[in-house]
Amino acid sequence: MLLARLSQDEVTGRFVGRAHWHPLEVLFWVGAFATIWLFPGKHLILTEIAWLALFALSLDLILGYAGIVSLGHAAFFGFGAYTAALLAKHEIVNEPALALVVAGLAASALGFVSSFLVLRGTDLTRIMVTLGVAFVLREIANQNGWLTGGADGLQGVTMQPILGLYRFDMFGHNGYVYCLVVLFILFLLARRIVNSPFGLSLQSIKNNPLRAAAIGVNVNARLIAIYTIAAGYAGIAGGLLAQTQAFASLAYFDFERSADLLLVLVIGGAGYLYGGLIGAIVFKFMHDYLAVLTPQYWPFWIGLLLVVLVLVGRERITSWTAPFRRLADRLDWRRARPPGASAEGRQR
Amino acid sequence: MTIVLETRNLEKRFGGIIATGNVSLSIEKGARHALIGPNGAGKTTIINLLTGVLPPTSGTILLEDKDITGLSTHARVRLGLARTFQINQLFPDLSPLQTLGLAVSERLGYGHDWWRVTGSKPAVMAEVVDLLERFHLGDVMEDPTAQLPYGKQRLLEIAVAIACRPRVLLLDEPAAGVPEGEREDILAAVAALPSDVTVLLIEHDMDLVFSFADRISVLVNGRLFVEGRPEEVAQDPRVKAVYLGEEAHA
Ligand SMILES: Nc1ncnc2c1ncn2[C@@H]1O[C@H](COP(=O)(O)OP(=O)(O)OP(=O)(O)O)[C@@H](O)[C@H]1O
Ligand SMILES: [Mg+2]
Numbered sequence: 001m002l003l004a005r006l007s008q009d010e011v012t013g014r015f016v017g018r019a020h021w022h023p024l025e026v027l028f029w030v031g032a033f034a035t036i037w038l039f040p041g042k043h044l045i046l047t048e049i050a051w052l053a054l055f056a057l058s059l060d061l062i063l064g065y066a067g068i069v070s071l072g073h074a075a076f077f078g079f080g081a082y083t084a085a086l087l088a089k090h091e092i093v094n095e096p097a098l099a100l101v102v103a104g105l106a107a108s109a110l111g112f113v114s115s116f117l118v119l120r121g122t123d124l125t126r127i128m129v130t131l132g133v134a135f136v137l138r139e140i141a142n143q144n145g146w147l148t149g150g151a152d153g154l155q156g157v158t159m160q161p162i163l164g165l166y167r168f169d170m171f172g173h174n175g176y177v178y179c180l181v182v183l184f185i186l187f188l189l190a191r192r193i194v195n196s197p198f199g200l201s202l203q204s205i206k207n208n209p210l211r212a213a214a215i216g217v218n219v220n221a222r223l224i225a226i227y228t229i230a231a232g233y234a235g236i237a238g239g240l241l242a243q244t245q246a247f248a249s250l251a252y253f254d255f256e257r258s259a260d261l262l263l264v265l266v267i268g269g270a271g272y273l274y275g276g277l278i279g280a281i282v283f284k285f286m287h288d289y290l291a292v293l294t295p296q297y298w299p300f301w302i303g304l305l306l307v308v309l310v311l312v313g314r315e316r317i318t319s320w321t322a323p324f325r326r327l328a329d330r331l332d333w334r335r336a337r338p339p340g341a342s343a344e345g346r347q348r
Numbered sequence: 001m002t003i004v005l006e007t008r009n010l011e012k013r014f015g016g017i018i019a020t021g022n023v024s025l026s027i028e029k030g031a032r033h034a035l036i037g038p039n040g041a042g043k044t045t046i047i048n049l050l051t052g053v054l055p056p057t058s059g060t061i062l063l064e065d066k067d068i069t070g071l072s073t074h075a076r077v078r079l080g081l082a083r084t085f086q087i088n089q090l091f092p093d094l095s096p097l098q099t100l101g102l103a104v105s106e107r108l109g110y111g112h113d114w115w116r117v118t119g120s121k122p123a124v125m126a127e128v129v130d131l132l133e134r135f136h137l138g139d140v141m142e143d144p145t146a147q148l149p150y151g152k153q154r155l156l157e158i159a160v161a162i163a164c165r166p167r168v169l170l171l172d173e174p175a176a177g178v179p180e181g182e183r184e185d186i187l188a189a190v191a192a193l194p195s196d197v198t199v200l201l202i203e204h205d206m207d208l209v210f211s212f213a214d215r216i217s218v219l220v221n222g223r224l225f226v227e228g229r230p231e232e233v234a235q236d237p238r239v240k241a242v243y244l245g246e247e248a249h250a
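Here the protein sequences line up with chains A and B, keeping their order. Taken in order, the first sequence gives residues 1 to 348; the numbers are from our numbering. Taken in order, the second sequence gives residues 1 to 250; the numbers are from our numbering.
Careful, some of the hints might be misleading.
Derived contacts from chain B toward chain A, CB cut-off under 10 Å, selection only [unchecked claim]: (1) A31; (2) V77; (3) F85; (4) N88; (5) T99; (6) K121; (7) A126; (8) E142; (9) T145; (10) L148.
Covered stretches of chain A, as calculated for chain B (at least 3 residues, CB under 8 Å) [as the list claims (entries may be wrong)]: (11) 10 to 18; (12) 189 to 197; (13) 213 to 223.
Restraint ranges, calculated between C-beta atoms of paired labels, are given here [unchecked claim]: (14) B/P55 to A/F33: 50 to 58 Å; (15) B/T60 to A/L210: 41 to 49 Å; (16) A/R120 to B/D205: 35 to 43 Å; (17) A/G13 to B/R183: 17 to 25 Å; (18) A/V181 to B/D196: 50 to 58 Å.
Treat the hints as calculated values from the structure; they're not laboratory data. The C-beta atom is built at its ideal place from N, Cα and C for all residues, glycine as well.
Turn these sequences into a full structure, and let the hints guide you.
In structure tokens:
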């Protein structure tokens, strides 16, 4: 028998192929940007979807990839929102895009500090700790009314035009384009991150931290890094909300916001980046239409959906979409394996 | 001979149990050293202490004369100390390709690269391909590890340790639980380990131990009991007593 050898090019192709753009992804983003022209009357709700999608993307980075459960992700969302609103109100940073960057960095700093609390412990202790951090921040904002406006929220914020050119108009057109562009840029960055060795190491930690350490992965450093990055994403999502509303409120820190976020990610499926985006779309539209149709039954429908999803997902609620993703892979000719050809049987 | 790995008065207590009692062990460079002993003797505990999975109650661990007692697990891996686990510790959702790709990337210092795609470095892929071939994982390289046959998982367990290019490799019962038909591959993989790698092998299968080891330490109740060349240990009446005693219990 001839010695069968694996071809390095082919193996590399298999590996790197996972990072290639899937046709459905291209379709998704073409569709997303097409809404700018197709649904001008829906830009207000689409704006909400865009920042919620970014917020859910942030949770996906820590939960779907690194396996850190959080029920207090609103801490960073609220912190970013207040930072952006305060920067505008006190005319510290007038240009919104720049202020958004600052808000993201501020939330990242907070994420870095609080990351040390989630390094160790079980899912349960992490849930408690993240919940606690959000409560504490909300109370700090509540107590410092001179700065935050307390329970009335931060009023009197005037937004300057984006890049000095585009005003936040009352129909939300420019605001939506702004949110969508920010979402897209940060999505591209997240996509790079998860396809990198760093991203793979996060998945390895989620799978088995003991083994990850045993192959030389500095588990704590990686968790701190992704928690810091994700906090920045959440802060930017909050900043987008504050900027498009010209307002910030204590409700941004609420437990319900963190819990809804988890629901959004469960609806869309965690661990493949699009879950948060799809979940945000489904969640907002369900909320909109079901709430109009049967206002008092909205929690009922959400509850029912949750139960169904968990039943379908069975083993892990975060991966109920896996069969569809495999189907999508099979529809993509570039990823399909040639029939009957096992890798080992071939030669260079 | 140079000593690469050494413990001095190593001790580990779990509450009242002394799992490791005053163990001073020296492993020579390039050795094929076996650590044997009855169930619960404390063999795995020693590996956990050596690799930093558990902190010792007291004592010192030296790797190439450097005190590594306080170092974290990943830092010890960087210094060239890798292990396999008695019970598989793999990444169930990741494929062998990803597992090995990650291990090699980490070792070559690309682990915190968050920009380039994993596998885009030819140096990494050359090693990964080599490992896939050597450990017969090519045909399952893209399957999630959880779906691999047990024997393949066991091979991956060794392959991923080798991917760390260890100078000292600790093997904790590599063939444990592997069905007869798949044993051959594992034994061949163990036999084919590069000769410059120092190996500490824990194993219950005496045929494997005596065909592999050039030095044997016997551990009983957490303490080093007998140490010597295989033929010395085989002749030692105390060792026979321990093993016969165990068989009598069974
Ligand atoms: N984390 C732990 N907590 C408490 N006791 C432990 C722990 N780990 C091991 N032990 C105890 O220490 C002793 C040695 O266990 P160890 O697993 O090291 O034995 P072993 O020699 O590897 O046995 P085997 O051949 O069955 O694998 C046992 O009595 C065990 O119950
Ligand atoms: Mg053991």
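Now for the hints, and whether the structure bears them out:
1. Because the beta carbon of B/A31 sits about 21 Å from the nearest beta carbon in chain A, more than 10 Å, this interface hint is broken.
2. Contact between B/V77 and chain A, as hinted, is supported at the beta carbon level, the nearest pair being about 4 Å apart and thus within 10 Å.
3. Given the 10 Å rule on beta carbons, the hint for B/F85 holds: about 8 Å separates it from the nearest Cβ of chain A.
4. The restraint placing B/N88 at the interface with chain A holds, with a minimum CB-CB distance near 9 Å, inside the 10 Å limit.
5. Satisfaction of the interface hint for B/T99 is found here, the shortest Cβ-Cβ separation to chain A being roughly 8 Å, below the 10 Å cut-off.
6. The interface hint given for B/K121 holds, since its Cβ lies 9 Å from the closest Cβ of chain A, which is under the 10 Å cut-off.
7. Checking B/A126 against chain A: minimum C-beta separation of about 6 Å stays under 10 Å; hint holds.
8. Annotation: B/E142 was flagged as interfacial toward chain A, and the flag holds, the nearest CB pair being 6 Å apart, inside 10 Å.
9. Residue-level restraint check for B/T145 holds (minimum Cβ-Cβ distance to chain A is 9 Å; threshold 10 Å).
10. With a least beta-carbon distance of about 14 Å to chain A, the hint placing B/L148 at the interface is violated under the 10 Å criterion.
11. With 5 residues having a beta carbon nearer than 8 Å to a beta carbon of chain B, the stretch 10 to 18 of chain A meets the requirement of three or more and the stated coverage holds.
12. Counting residues of the stretch 189 to 197 of chain A whose CB lies closer than 8 Å to any CB of chain B gives 5, so the stated coverage by that chain holds, three being the minimum.
13. With 9 residues bearing a CB less than 8 Å from a CB of chain B, the stretch 213 to 223 of chain A meets the requirement of three and the coverage assertion stands.
14. Taken as a hint, the range 50 to 58 Å holds for the pair B/P55 and A/F33, whose Cβ atoms sit roughly 54 Å apart.
15. Checking the proposed 41 to 49 Å range against B/T60 and A/L210 shows it is violated: the Cβ atoms sit about 24 Å from each other.
16. A hinted range of 35 to 43 Å for the beta carbons of A/R120 and B/D205 is consistent with their spacing of about 37 Å.
17. At roughly 34 Å, the beta-carbon separation of A/G13 and B/R183 lies outside the given 17 to 25 Å, and the hint is violated.
18. With their beta carbons about 55 Å apart, A/V181 and B/D196 fall inside the hinted range of 50 to 58 Å.
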